[in-house]
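> Dock chain B against the given chain A, drawing on the hints supplied.
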Amino acid sequence: MRLQDAADALSCELLCAADGDRVEVDVVVASDGMSEILAFHRPHALMLTGLTNIQSVRTAIVADVSAIIYVRGKRPSDAVLQLAVEKCIPVFSTELGMFDCCGILYSAGLRGGM
Amino acid sequence: MAEKLLGCCFTVHGRDYDTGGATSTEIKSILNDLELDPALVRRAVVVAFEAEMNVVMYADEGHLTLTITDEDITIEMDDSGPGIPDIPQAMQEGWSTATDEMREMGFGFGMGLPNIERNSDSFGIRSEVGRGTSVVSRIRLDGHG
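Going down the list, the protein sequences come from chains A and B.
In this text, residue positions in the first sequence follow this note's numbering: the first is 1, and each later residue adds one.
In this text, residue positions in the second sequence follow this note's numbering: the first is 1001, and each later residue adds one.
Don't read these hints as lab results, they were simulated from the structure.
Careful: at least some of the hints might be erroneous.
Quick list of the computed label-pair ranges, beta carbon to beta carbon [stated by the list, open to error]: (1) B:Cys1008 / A:Gly97: 39 to 49 angstroms; (2) B:Gly1124 / A:Asp100: 42 to 52 angstroms; (3) A:Lys74 / B:Asp1016: 21 to 31 angstroms; (4) B:Leu1036 / A:Ser107: 30 to 40 angstroms; (5) A:Cys88 / B:Leu1036: 17 to 27 angstroms; (6) B:Leu1036 / A:Lys74: 29 to 39 angstroms.
The C-beta atom is built at its ideal place from N, Cα and C for all residues, glycine as well.
Same shape as in the complex, but just chain A:
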């Protein structure tokens, strides 16, 4: 699935740095626990989280995720977004909660990788 299609399915707002037409995602990792995300071995996953601190982006860097979607309408600070821009990680925000996001993306064909 194109990243942009996943973002559209969740009515996401783009916060920084994305060419969603070119990025493909096929698996999702969803957690507020960063070590849960790090336990997931497949690179290029779409990361859903409600954690907006700097560690969310550092975890995305370490885990080689393709993009971050912050759930429940959360928005990271400018400093956090700046790091995402530097590392070319697209960042979105959606008003939907984690459960609804996972359900919608699962129905659209994406699968979890944990």
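Only chain B this time, still in chain A's reference frame:
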């Protein structure tokens, strides 16, 4: 005998959540510059990151040593923290002594040490209560542990 290609030392400051993880992202850049297998780089950086965040959460200070030879990547973290009284218990997934503050930062769910071990071809840990903990992880470059 393995030929040493690179050695670096980093200091990690405890309780500094803002810079926590910065060392690991620097290590990722170093490993990528060596054009190593991305899967090996990811494993090594997960090890470094989990070790680094353990220091941030629990210790006053830690010293991370990164050594790369033509055979393997070795990451060693020595901290001046409280030590671990029961290592087998600490190695169990889900077991944690984390505070609410640590969990609010996204860590402390009892996955850190198991993640380090899972990504290592060989793994060692020793600890002394009141003095600190040392963790050593070795990842073979040939991908066969």
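> Take the hints in turn and mark each one as holding or not.
Verification of the hints:
1. Judged by the Cβ atoms, the range 39 to 49 angstroms given for B:Cys1008 and A:Gly97 holds: they are separated by roughly 42 angstroms.
2. Between B:Gly1124 and A:Asp100 the Cβ separation comes to about 44 angstroms, which falls inside the hinted range of 42 to 52 angstroms.
3. Under the hint 21 to 31 angstroms, the C-beta atoms of A:Lys74 and B:Asp1016, about 23 angstroms apart, fit the expected range.
4. One distance hint, 30 to 40 angstroms for the beta-carbon pair B:Leu1036 and A:Ser107, holds here, with the actual separation near 38 angstroms.
5. For the hinted restraint 17 to 27 angstroms between A:Cys88 and B:Leu1036, the CB-CB distance of approximately 20 angstroms keeps it satisfied.
6. Look at B:Leu1036 against A:Lys74: about 35 angstroms separates their beta carbons, and that is inside 29 to 39 angstroms.
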